[in-house]
Amino acid sequence: MLQNLFHFLIYPGLLFVTVIGGLLSWFDRKVTAMVQFRKGPPILQPFYDFLKLLLVKETILPAQGSKITFLMAPVCALCAAILSGLFILFPLLGIKAGFSGDLIVLFYLLSIPSLAYMIGGLASGNPLASVGASREMKLMISYELTFLLVIAGIILKAGMNIRLFDVLQVQNDTGAFIGSISGVLLFIASIFCLQAKLGLVPFDMAEAETEIMHGHFIEYSGLPYALIKLTKYIMLFILPAFLVAIFMGGFKWQGIHILWSVLKILVVVLLLTLIRNTNPRIKINQAMRFFFLWMNLLAIIAIVLIFFGL
Amino acid sequence: MAFKDFIFKKSLWLFHFGGASCNNCDIEILDCLTPRYDVERFGMQLVGSIRHADVLLVNGSINKKDKVRLLEIYHQAPKPILVVAIGACGCTGGIFAEGNTFAGPVDKIIPVDVYIPGCPPKPEAIIGGIVNLINKQPA
Numbered sequence: 001m002l003q004n005l006f007h008f009l010i011y012p013g014l015l016f017v018t019v020i021g022g023l024l025s026w027f028d029r030k031v032t033a034m035v036q037f038r039k040g041p042p043i044l045q046p047f048y049d050f051l052k053l054l055l056v057k058e059t060i061l062p063a064q065g066s067k068i069t070f071l072m073a074p075v076c077a078l079c080a081a082i083l084s085g086l087f088i089l090f091p092l093l094g095i096k097a098g099f100s101g102d103l104i105v106l107f108y109l110l111s112i113p114s115l116a117y118m119i120g121g122l123a124s125g126n127p128l129a130s131v132g133a134s135r136e137m138k139l140m141i142s143y144e145l146t147f148l149l150v151i152a153g154i155i156l157k158a159g160m161n162i163r164l165f166d167v168l169q170v171q172n173d174t175g176a177f178i179g180s181i182s183g184v185l186l187f188i189a190s191i192f193c194l195q196a197k198l199g200l201v202p203f204d205m206a207e208a209e210t211e212i213m214h215g216h217f218i219e220y221s222g223l224p225y226a227l228i229k230l231t232k233y234i235m236l237f238i239l240p241a242f243l244v245a246i247f248m249g250g251f252k253w254q255g256i257h258i259l260w261s262v263l264k265i266l267v268v269v270l271l272l273t274l275i276r277n278t279n280p281r282i283k284i285n286q287a288m289r290f291f292f293l294w295m296n297l298l299a300i301i302a303i304v305l306i307f308f309g310l
Numbered sequence: 001m002a003f004k005d006f007i008f009k010k011s012l013w014l015f016h017f018g019g020a021s022c023n024n025c026d027i028e029i030l031d032c033l034t035p036r037y038d039v040e041r042f043g044m045q046l047v048g049s050i051r052h053a054d055v056l057l058v059n060g061s062i063n064k065k066d067k068v069r070l071l072e073i074y075h076q077a078p079k080p081i082l083v084v085a086i087g088a089c090g091c092t093g094g095i096f097a098e099g100n101t102f103a104g105p106v107d108k109i110i111p112v113d114v115y116i117p118g119c120p121p122k123p124e125a126i127i128g129g130i131v132n133l134i135n136k137q138p139a
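Respectively, the protein sequence lines represent chains A and B. Here this note's numbering is used: the first residue of the first sequence is 1, the next is one more, and so on. Here this note's numbering is used: the first residue of the second sequence is 1, the next is one more, and so on.
Watch out, some of these pointers could steer you wrong.
Some chain A residues close to chain B (C-beta under 7 Å, calculated; not the full set) [what the hints assert, rightly or not]:
no.	residue
1	L51
2	K57
3	I60
4	N296
5	I300
Simulated from the structure, these hints should not be mistaken for laboratory data. Here the structure is a predicted model, which means the values were calculated and not measured. Virtual Cβ for every residue (Gly too), placed ideally from N, Cα, C.
This is chain A alone, in the form it adopts within the complex (with noise of 0.2 Å):
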């Protein structure tokens, strides 16, 4: 009992991931910073945003709308975000633990988060978070059916293994996944999948900050930010760390291999800042036919590719 408690909040749950996604959140304004020319903010400015939304800030409540709900919805984002950092860090870190199928509850604790945006943003009863909530569900309506075949495709690849722990040994065993030609276009879907999960800026309309005011979060003030902001400082590692687990072999702790490992993961949030610092934000219609037909079709590609042995 006491020792799941430990391994909740403490490592690798909440104060672990809270303080590496703080660490990455950082490294992504840095980089964004540099990729404009600027010095960018201070390391620990994430962890000054956090504690000031939970310490210094008075918590406004809609006049509108169902204020339970209002509140509850980021602390459902934050609990399924960490339990799915759980799920993904527990074999990572070389633990073995998780169940047969862990994959697939994986997959829907990963979207939860979004869906309790969702939720808050349209029980806070302001028409602007209404209109980035409806965005957020078309949204994952187009990724999800992607995200699903990146999974699909991997289990193939490992054998019709449904259990994480299972899949990063056959990667021990046999080579990481994006060694193969299906395993790179599979990456390049997920890594565009991450970046809509994330909120990112070609598929950043749902929180669209020029035309919308942050869609879904308007209403948001304070302490249930602060939430917010942590479940996105989570979401912001263990989503690249889900990425490294199913392709790139995940981490190895004994001499020069921390080194990898740490790159492994600064690469894939590299790639995502990258991305978004030199793509303009698009339309909802046309982020649903990117998903629709081109991931979709890269996706089913990689698979036939994959029956083939390739």
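Please build the complex by placing chain B on the supplied structure of chain A, with the hints as guidance.
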């Protein structure tokens, strides 16, 4: 309390309220976020929603219609909120001070923490005002 103040001053998020402005101050404010003057190194960010804001930047002359909006925005903001009046119009009314639709400079409507005069203030002056804001002791 000192810790809270330190955290607050380290991460000020800005919300921009333009009154009946001639657009010069707006552009100078945006200049502060560009590579040359980059205020993100102090942890400042422009946010789109007043619910996330810590600093309310007000520029332009405030006429009778703007006054209602300004009060509404100020009451919607989560406390603590700092108010900065930017430009000659925001601080005193400038050349509009005698006009018959003018509803008083910003400090007649809401409490102002820092004044940044100039028509328009240079980005250096705005950064100077920001330094004043950060060094200001809490009341």
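Legend entry - Hint check, failures only: Numbers 4, 5 - these are the hints that the structure violates, sorted from lowest upward.
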